[in-house]
Each structure stands twice: as structure tokens, then as C-alpha cells.
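Trainee: Sequences are here, hints too, so could you generate the full structure?
Protein chains: 2
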Amino acid sequence: MKLENLFKPKSMAVVGISKKNPLSPGRIIFVKNVFEMEVEVYGIHPEGGEIEGVNLYTRLDELPEIPNLLVIAISAEDTLDYVQVCADLNIPACIIIGGGFAEIGSEGIKRQKKLERVANDNDIAVLGPNCIGVYSPPLLDTIFMPTERLTRPSKGTVALISQSGGVLVDQFFHKFNEIKIGVSTAVSIGNRAVVDETMLLEYFSKYDKETSNIAFYLEGFKSNKSKKFLELARESKDTVIIYFGGLSEQGIKATKSHTASLSGNDKIISAALKQNLIVQPRSELELLTYLKLFDVLSHKRKLFDSNTIIYGRIAILSISGGHGVLCVDLLKKYGLFGVEFTEKEKKEMKELVNPVARNIASFDNPIDLTGSARDEDIENIIHYLSKIERIECIIVLILPYTPSISFQIGRRIANRVSIDKKPLICFIPYIQKYGMIIEALELSNIPVFHSIEEAVQAVSALRILTRRYNFKQRK
Amino acid sequence: MKLENLFKPKSMAVVGISKKNPLSPGRIIFVKNVFEMEVEVYGIHPEGGEIEGVNLYTRLDELPEIPNLLVIAISAEDTLDYVQVCADLNIPACIIIGGGFAEIGSEGIKRQKKLERVANDNDIAVLGPNCIGVYSPPLLDTIFMPTERLTRPSKGTVALISQSGGVLVDQFFHKFNEIKIGVSTAVSIGNRAVVDETMLLEYFSKYDKETSNIAFYLEGFKSNKSKKFLELARESKDTVIIYFGGLSEQGIKATKSHTASLSGNDKIISAALKQNLIVQPRSELELLTYLKLFDVLSHKRKLFDSNTIIYGRIAILSISGGHGVLCVDLLKKYGLFGVEFTEKEKKEMKELVNPVARNIASFDNPIDLTGSARDEDIENIIHYLSKIERIECIIVLILPYTPSISFQIGRRIANRVSIDKKPLICFIPYIQKYGMIIEALELSNIPVFHSIEEAVQAVSALRILTRRYNFKQRK
Numbered sequence: 010m011k012l013e014n015l016f017k018p019k020s021m022a023v024v025g026i027s028k029k030n031p032l033s034p035g036r037i038i039f040v041k042n043v044f045e046m047e048v049e050v051y052g053i054h055p056e057g058g059e060i061e062g063v064n065l066y067t068r069l070d071e072l073p074e075i076p077n078l079l080v081i082a083i084s085a086e087d088t089l090d091y092v093q094v095c096a097d098l099n100i101p102a103c104i105i106i107g108g109g110f111a112e113i114g115s116e117g118i119k120r121q122k123k124l125e126r127v128a129n130d131n132d133i134a135v136l137g138p139n140c141i142g143v144y145s146p147p148l149l150d151t152i153f154m155p156t157e158r159l160t161r162p163s164k165g166t167v168a169l170i171s172q173s174g175g176v177l178v179d180q181f182f183h184k185f186n187e188i189k190i191g192v193s194t195a196v197s198i199g200n201r202a203v204v205d206e207t208m209l210l211e212y213f214s215k216y217d218k219e220t221s222n223i224a225f226y227l228e229g230f231k232s233n234k235s236k237k238f239l240e241l242a243r244e245s246k247d248t249v250i251i252y253f254g255g256l257s258e259q260g261i262k263a264t265k266s267h268t269a270s271l272s273g274n275d276k277i278i279s280a281a282l283k284q285n286l287i288v289q290p291r292s293e294l295e296l297l298t299y300l301k302l303f304d305v306l307s308h309k310r311k312l313f314d315s316n317t318i319i320y321g322r323i324a325i326l327s328i329s330g331g332h333g334v335l336c337v338d339l340l341k342k343y344g345l346f347g348v349e350f351t352e353k354e355k356k357e358m359k360e361l362v363n364p365v366a367r368n369i370a371s372f373d374n375p376i377d378l379t380g381s382a383r384d385e386d387i388e389n390i391i392h393y394l395s396k397i398e399r400i401e402c403i404i405v406l407i408l409p410y411t412p413s414i415s416f417q418i419g420r421r422i423a424n425r426v427s428i429d430k431k432p433l434i435c436f437i438p439y440i441q442k443y444g445m446i447i448e449a450l451e452l453s454n455i456p457v458f459h460s461i462e463e464a465v466q467a468v469s470a471l472r473i474l475t476r477r478y479n480f481k482q483r484k
Numbered sequence: 010m011k012l013e014n015l016f017k018p019k020s021m022a023v024v025g026i027s028k029k030n031p032l033s034p035g036r037i038i039f040v041k042n043v044f045e046m047e048v049e050v051y052g053i054h055p056e057g058g059e060i061e062g063v064n065l066y067t068r069l070d071e072l073p074e075i076p077n078l079l080v081i082a083i084s085a086e087d088t089l090d091y092v093q094v095c096a097d098l099n100i101p102a103c104i105i106i107g108g109g110f111a112e113i114g115s116e117g118i119k120r121q122k123k124l125e126r127v128a129n130d131n132d133i134a135v136l137g138p139n140c141i142g143v144y145s146p147p148l149l150d151t152i153f154m155p156t157e158r159l160t161r162p163s164k165g166t167v168a169l170i171s172q173s174g175g176v177l178v179d180q181f182f183h184k185f186n187e188i189k190i191g192v193s194t195a196v197s198i199g200n201r202a203v204v205d206e207t208m209l210l211e212y213f214s215k216y217d218k219e220t221s222n223i224a225f226y227l228e229g230f231k232s233n234k235s236k237k238f239l240e241l242a243r244e245s246k247d248t249v250i251i252y253f254g255g256l257s258e259q260g261i262k263a264t265k266s267h268t269a270s271l272s273g274n275d276k277i278i279s280a281a282l283k284q285n286l287i288v289q290p291r292s293e294l295e296l297l298t299y300l301k302l303f304d305v306l307s308h309k310r311k312l313f314d315s316n317t318i319i320y321g322r323i324a325i326l327s328i329s330g331g332h333g334v335l336c337v338d339l340l341k342k343y344g345l346f347g348v349e350f351t352e353k354e355k356k357e358m359k360e361l362v363n364p365v366a367r368n369i370a371s372f373d374n375p376i377d378l379t380g381s382a383r384d385e386d387i388e389n390i391i392h393y394l395s396k397i398e399r400i401e402c403i404i405v406l407i408l409p410y411t412p413s414i415s416f417q418i419g420r421r422i423a424n425r426v427s428i429d430k431k432p433l434i435c436f437i438p439y440i441q442k443y444g445m446i447i448e449a450l451e452l453s454n455i456p457v458f459h460s461i462e463e464a465v466q467a468v469s470a471l472r473i474l475t476r477r478y479n480f481k482q483r484k
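Just so you know, the protein sequences line up as chains A and B, in that order.
Those letters in the first sequence? Residues 10 to 484, by the working numbering.
Those letters in the second sequence? Residues 10 to 484, by the working numbering.
It is possible that some hints are incorrect.
Given that identical chains are not distinguished, each listed pair holds provided it fits within a single copy or across any two copies.
Heads up, simulated DSS-like pairs for lysine-lysine below, C-alpha to C-alpha not over 25 Å straight-line [said to hold, decoys possible]:
id : residue 1 : residue 2
1  : K342      : K262
2  : K341      : K276
3  : K359      : K262
4  : K342      : K276
5  : K11       : K237
6  : K262      : K355
7  : K353      : K262
8  : K359      : K119
9  : K283      : K342
10 : K430      : K246
11 : K356      : K262
12 : K189      : K442
13 : K341      : K283
Hints in this document: simulated from the structure, not taken from any laboratory.
Mentor: Structure below.
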């Protein structure tokens with residue numbers, strides 16, 4: 010089964026275009042691909058004619074070419090007929106948007122079984138049913154919400170696979186946009202009657218060059234396929250992340266009605282994931298922090314080696330005492346700890362900062378250079394800390410509100426890291442006017458976070474990368 | 010000691026204005042109050058002359074009036090002389106910006122003791138030293154960072170008292186602006202040599218009519234004063250929240266060098282706070298959620314009674330299955346649980362929604378109306394749930410991305426709640442284009458949150474309000 014046709018079709022056709030209802034899913038999908046995307050797209054309507062100025066064809070076998078992909082957005086009853094047409098015309102892939110299958114109980118389960126049979130017998134890559142399909146920029150987008158109703162992320166290294174369309178759009182698309190994480194391809198798998206998470210994991214990790222990180226929202230593995238999934242994840246060149254929903258007692262009950270899937274036991278799942286190098290964030294914040302870090306560090310140009318965080322030994326550099334305190338408070342929660350400085354080191358650092366700051370700064374860990382710190386003080390201390398071998402990572406907490414910090418500070422930190430190569434994570438409030446600082450860091454692929462907790466989580470994510478790397482090396 | 014002079018002075022004077030360095034704290038404070046704030050402000054410089062076009066006076070006793078407040082932004086050595094001038098001229102309040110006191114060790118401790126003596130003997134309300142002072146809009150702002158370097162929150166019901174200037178500006182000001190929490194007055198207490206958190210708690214809860222919620226960032230109580238603080242908090246008409254830093258082992262060490270304060274034991278502090286009705290958020294996210302909820306519900310016009318959440322029995326209404334699952338997963342973490350619906354209730358709810366949604370929706374808790382839901386379906390189900398007495402609160406998860414949800418949905422929910430009076434918390438992604446929906450809800454004081462977890466935290470905050478209310482009633 011060639012999944013590529015779902016994501017990189019030369020051409021696609023859409024059935025289920027309503028002439029009366031401009032908000033019907035099929036019509037939105039057709040019109041959005043015609044006007045917004047690059048794929049060659051054909052609309053099918055039994056009466057032909059046109060819609061919003063675009064010609065329609067009456068039948069699939071009338072098209073100027075056999076499309077590689079058919080999007081079916083019609084009632085459950087009629088859907089199977091169209092899958093049969095795919096079989097007859099050798100259309101190798103289709104996306105089924107509508108519900109009315111396994112998720113509605115006995116009648117739907119029968120229907121879904123029949124669908125599976127036709128698809129498997131004819132080697133058709135069927136995505137769905139009960140899904141929002143595929144977003145594969147700049148080629149195609151079968152999400153049946155008008156583009157202007159949601160926000161889509163930019164192109165990047167993360168492949169997304171979600172069992173919930175809502176989670177795909179909100180926890181991933183919206184939040185990705187907010188914190189600038191890029192997506193290679195996004196897939197809503199719905200009831201995953203044929204194409205499932207395991208097939209997609211294999212496809213993205215083996216065949217998709219744009220992807221370096223594969224993130225899932227799942228409410229349980231497809232039955233009998235978890236073993237294969239775990240194996241693939243362990244072997245994958247890409248980082249694999251699963252955000253699990255429905256692991257609580259009430260959640261398990263809820264997932265049954267919503268995606269016709271079986272959730273597993275929380276602890277068993279977590280242990281299996283860890284053993285197979287799969288990252289399992291425990292909250293939405295952690296999910297996004299991990300993905301942001303993985304995405305940034307997947308870019309080709311790298312300022313530091315992310316595979317060196319073994320013990321979690323951290324130095325914290327701040328210009329606000331309170332921020333240092335809040336940061337050090339959080340280390341333990343993430344299995345990290347602050348190194349202790351020797352008296353000699355403290356004395357040497359003191360010599361490196363300007364006379365005003367020197368007398369009020371504190372050189373314990375967290376280091377607090379106070380509001381009197383200047384750009385060069387921060388740069389000098391980073392340089393000093395970089396030479397201390399037992400420090401594995403520096404967390405820099407920058408509040409660019411004091412007048413003596415200039416808007417060059419981001420660039421200066423990035424250049425310093427580029428020479429010293431010490432892993433470094435920045436906290437800077439994501440405020441528009443600090444954009445110049447944030448951009449300088451991000452252009453150099455230094456990870457920047459919006460809260461102290463995210464910065465700490467990011468170090469913990471770095472350690473996950475190290476463990477993964479070491480595991481792979483040992484083999 | 011009259012603290013009012015610190016926040017509502019008729020006039021104030023500033024010493025420590027540098028003619029050479031436009032970024033010196035005293036100069037920034039002077040110039041910002043002249044050009045940006047409403048207070049009558051006088052600048053003192055031994056040579057007189059002018060700065061940025063504004064006349065300066067050479068001495069405090071030459072001013073046209075005795076100011077109510079003196080801001081001292083000079084070296085530690087000279088600071089005491091000016092406090093003595095306050096005593097001589099009967100200036101009842103001063104703010105000491107500079108460091109060089111207890112936080113730097115023995116010499117500074119001596120200096121601070123002397124300062125305390127002069128202040129107490131002469132009944133001068135001294136704020137600081139080592140602080141960023143006061144933001145009391147629209148009257149005065151002694152934060153020595155240029156206004157355009159940070160973001161200030163709008164006027165509201167939360168009084169802020171912080172032991173760290175950085176935390177005040179970042180965790181409070183920046184984040185408040187992001188999620189629209191308003192501030193009555195903000196105070197940075199620094200070393201709290203004279204004016205401390207206990208005096209401020211008393212002032213804001215007894216004498217400040219604009220304040221309904223009092224939020225602290227503390228790294229420990231001032232010694233010998235915690236008992237008084239706890240008593241005041243228990244008796245306070247206002248909600249009292251403390252975000253504690255420096256409770257971890259490494260944090261305790263860090264706070265010593267930074268604010269010369271003693272942190273307490275984590276568990277003892279938490280128990281004491283709870284006993285005295287003080288809310289203690291455990292993360293920045295929780296802090297902000299609590300304050301947002303408290304601020305919204307402090308407004309006069311209230312759509313529902315927030316004192317009715319006793320057991321934490323929740324109904325979840327969603328149009329995305331995944332969101333419902335993630336929400337129900339989170340309930341337990343916050344001591345809440347989803348009610349079970351009877352078969353009769355499920356059937357009745359099913360009758361209330363449009364035929365397309367009806368056949369694919371799920372009426373267990375969480376209710377998933379699916380992407381086929383329309384405004385009136387959501388409204389009807391809220392109305393239905395409102396009549397079920399055992400439901401204490403409804404969490405509504407709205408993704409306004411489906412075409413059948415209109416931009417009126419916020420207004421319709423608000424109007425419904427206004428009639429039915431059932432406590433209701435909304436989740437809607439904070440995306441600019443959803444502003445019309447969010448604004449309709451917020452104008453009616455329905456709390457809206459940006460993530461599912463915050464919505465769940467908000468219900469837990471509602472329950473805190475109920476407990477507080479019941480405790481006060483029993484007395």
C-alpha cells in the first residue's frame with residue numbers, strides 16, 4: 010500500500026460537493042484546494058456544471074486523467090460505492106471524511122469491515138473514515154474547515170498524526186503557530202480503518218525526507234499493532250513523541266464512544282513507550298516544549314551538540330533574582346540539578362562583570378547579575394561557564410527590560426554559543442517588542458522559551474535526546 | 010504609619026537624577042512620572058538646572074510644597090541622609106530603589122538597621138531598599154525601567170506585592186497583559202526593611218476600595234510577622250494568593266543571597282496557608298488561572314453564583330472528541346469529576362440537537378456534539394445541563410473552526426448563562442480572529458481560557474471560592 014499518494018498526489022478528485030450549501034465539507038475541501046493549494050484538483054457532481062466559477066465533472070471516469078487520490082465527503086451509505094469505483098479505476102488512495110462507521114456501533118462496524126475488505130483486497134490506501142484528512146503544504150489540504158477559520162503552522166520538520174481532528178487543529182496547529190514550530194505533513198486518522206498510526210510511522214520515518222520528528226495524538230494503539238509500532242519507533246531515525254489522551258478511568262470510557270478505540274493501562278503504556286525510546290509528554294505544555302526543542306535542533310546548522318546532557322547538571326544565569334529562584338525550584342521536578350560553584354569560580358566570575366553589578370550580584374547558582382548587568386557581562390559569564398566541564402547546559406533567563414541590556418543581546422549570546430559550543434537554553438518573554446532579541450537567537454537555532462518552566466522542560470528534552478543517542482550508539 | 014502616601018501621594022520628589030546618564034534609575038523615574046503619569050513631581054539635583062526640558066530644584070526644602078513621597082535613587086551610603094531629611098521635613102513616605110543593604114551582608118545589614126530605626130522613630134513609610142517601587146495607575150510609576158521596555162497591565166482588581174522586581178514585571182505584568190488581568194496597585198517590596206507584606210496586606214484589604222484580590226510573590230515571610238499575616242489573610246474580605254519561590258532545597262539557598270530572607274519549610278507553609286484561606290498556586294499557569302478567574306468574578310455584574318461548587322461535579326460539553334477526552338483526563342488531577350448522565354438524560358439531549366449531529370454525537374460525559382454542531386445545539390444543551398441540579402459547573406470547549414459555529418456563539422452562551430445562572434467556564438483558543446467570540450463572553454464576565462488545563466484549573470479555583478465563602482458564613 011503506497012501511502013505517498015495520500016500526501017504527494019499529482020492530482021486529486023473530490024466527491025460530495027454541495028451546490029446549495031457552501032459550508033458542506035466536500036465543497037469547502039474542493040474550493041480550498043482549487044484556490045489555495047498546488048495540487049491539480051477535479052470536482053465531481055452528478056449534474057456537472059460549475060461551482061464558484063470552477064467546472065465540475067459528472068463522473069470519475071470522465072476526468073482527463075486518473076487521479077492519485079479521491080476525497081470522499083458524502084454519506085456513509087454511499088461511501089463504499091465510491092471506494093469500489095477507486096478499485097475499478099485503479100485510484101490508489103482515498104480519504105473518507107464522513108462519520109457513520111465503527112464509532113456509531115453495530116451497523117457502522119459492519120460497514121467499516123466491508124470498507125476494510127475492499128481497501129485491502131484492492132490495495133487502496135484509505136484514510137479515515139471520520140477524519141479531517143491531510144494537510145501537506147504546499148500541495149494539498151483536506152481539512153474541511155475554511156482556512157481562515159483556523160491557523161496553520163509553517164513548513165517544518167514535525168510530522169503530525171492525530172486520532173482527533175480537534176486536537177490536530179488546536180493543540181498542534183494553533184499552538185505551533187504561537188511558538189513557531191513547523192510541520193512537514195499533518196494527518197488526521199479518524200477511525201483508522203485501513204491506514205493506521207503504525208503504517209504512518211513507517212512511512213514518515215523511512216520515506217519522508219522532510220520529517221525529522223513524528224508526533225502523535227493517540228487514545229490507544231490499534232489492536233494487534235502496538236508491537237510493530239514500538240519496534241518501528243525504536244528503530245526510527247526520527248524522534249517519536251506520543252501525547253496520549255484517555256488514559257484516566259473516565260477518559261477510557263470517553264474514548265470508546267468517540268473513536269471506537271481501546272485505551273490501554275496508563276502505567277503499562279508508559280513503560281513500553283520509554284523502553285522503545287518514545288517520548289511521552291505529560292501535559293500540553295510539555296508536548297509543545299519538546300516539539301519546539303526537537304524542531305529547532307533538527308535544523309541543519311547547529312550551534313551545540315545536544316547529545317551531551319547525561320547527568321542534568323545545570324548552571325542558571327539570570328538578571329532577576331526571583332527568576333533564578335523560580336528556575337532552581339523547578340529543576341528537581343525535571344530530574345535536573347544546579348551545579349555548585351567553587352569559591353575560586355565565584356571570585357573569577359565576579360571579576361568579569363561591571364563594577365556596579367559586581368557589588369550587588371550573586372555568584373551562587375543561580376547567578377543573579379541584577380538589573381545592573383550589561384550585554385558584555387552576560388556574554389562574559391556565558392563564556393566562563395562554557396569552560397567548566399561539569400556544567401552540561403546553561404539556562405539563561407533574560408528580561409530585556411533593564412536599560413543596560415541592549416537589543417543586541419540575542420545576537421551576542423548566539424555568537425558566543427557558536428564559538429563555545431556549550432548547550433544553552435534561553436528564557437525571554439514572547440513579547441512583540443522583544444522580537445529582535447528572540448529572532449537573533451532563533452535564527453541561530455538557539456531554543457527560546459516563553460516561561461521559566463518551559464526552559465527547564467527543554468533541558469529535560471535535551472537529556473532525552475542524549476539518552477536516545479547513547480542507546481543508538483551502543484547498538 | 011500611613012501607607013497611602015506611597016500609592017496616592019498628591020506630590021512626590023525624586024533624588025538621584027543623573028545629568029550624564031539618561032539610563033540612571035533616578036532619571037528614568039523622574040522623567041517617566043513627569044511625562045507619563047498624573048502625580049505632581051519635583052526633581053532634585055544639587056546643581057539645579059534642567060533635564061529634558063524640565064526644571065530641577067537644588068534642595069527638598071526649596072520645593073513649592075512638602076511632597077508626600079520621596080523617591081531615593083542614589084548610592085546606599087547617601088541614602089540614609091535623605092531619609093533623615095524626610096524626618097526633618099515631615100515627608101511621610103519614601104521609596105528606596107538602590108541596593109547595598111541587608112542583601113550584601115554585614116556592612117549592609119548594619120546600614121539597614123539604621124534605616125529601620127530612623128523610619129520607625131519618625132513614622133516614615135519606607136518601601137525597599139533594593140526594590141523597583143510602586144506602580145499605581147494612573148498616578149505614579151517608580152519602576153526604573155523605561156515604560157516602553159516592558160508591558161504594563163490595565164486597571165483592575167488585583168493588588169500585587171512582590172519580593173522580586175523581575176517577577177513583578179514578568180510573571181505578573183507581562184502575563185497579565187497577555188490574558189487580560191487588571192491591576193489596582195503593584196508594589197515591589199525589595200528588602201522590606203520597614204514596609205512589609207503584612208502591612209501591605211492590611212492596607213489593601215482594609216483601606217483600598219479598588220482591590221478585591223491580593224497576590225503576593227514571596228520567598229518567605231518576614232520573621233516574627235507570619236502570624237499576623239495569616240490572621241489578616243483569614244479575616245480579609247479579599248482573596249489572598251501567594252506564589253512562593255525558594256521552597257526547594259536549592260531554592261532556599263538561592264533566596265538567602267538574593268533577598269536576605271529566610272524561606273520556610275514547604276509543607277508547613279502550605280498547611281498554614283490553607284488553614285488561613287490563602288490560595289497557593291503550584292505553578293505559574295495555576296497562578297495566572299486563579300488570578301484571571303478571581304479578577305473576572307470580582308466585577309460587579311455577575312452571571313452566576315461562584316459559591317456553589319462543593320463536590321466538584323462537572324459536565325463537559327465539547328465539539329471535538331479529543332478535547333473532551335483531554336478534559337476528562339485532567340479532572341482527577343484537580344480533585345474534580347464528571348457526572349454520569351442517565352439514559353433518559355442522554356436521550357433527551359439527543360433530541361435537542363440537529364439531525365446531522367445527533368447521529369454522530371456522543372452524549373456521555375464528556376458530551377461531543379462533533380463538528381456538525383450549530384450555535385443553537387450548544388445553547389440548547391447548556392440550557393438542559395443547567396437544569397440538572399447535581400451538575401455544579403459546565404466546562405464548554407469551543408473550537409470556532411467548524412463552519413456551522415457562528416461568531417455569535419460567545420454572545421449566545423453568555424445570554425444563556427445570564428438566564429440559567431449555572432456556573433460555566435469556557436475554553437476558546439486565544440487567537441485574534443476568535444476575538445469576537447471571546448469578547449462577547451468576557452464582556453459578560455464569563456471566564457474564558459486558552460487551554461483545556463486552564464479551564465479545569467478555573468473550576469478548581471471556583472471551588473476554592475466556595476470553600477472560602479462557606480468558611481466565612483459559618484463564623
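Trainee: Okay, which hints does this one fail, numbers in order?
Mentor: Structure breaks no hint.
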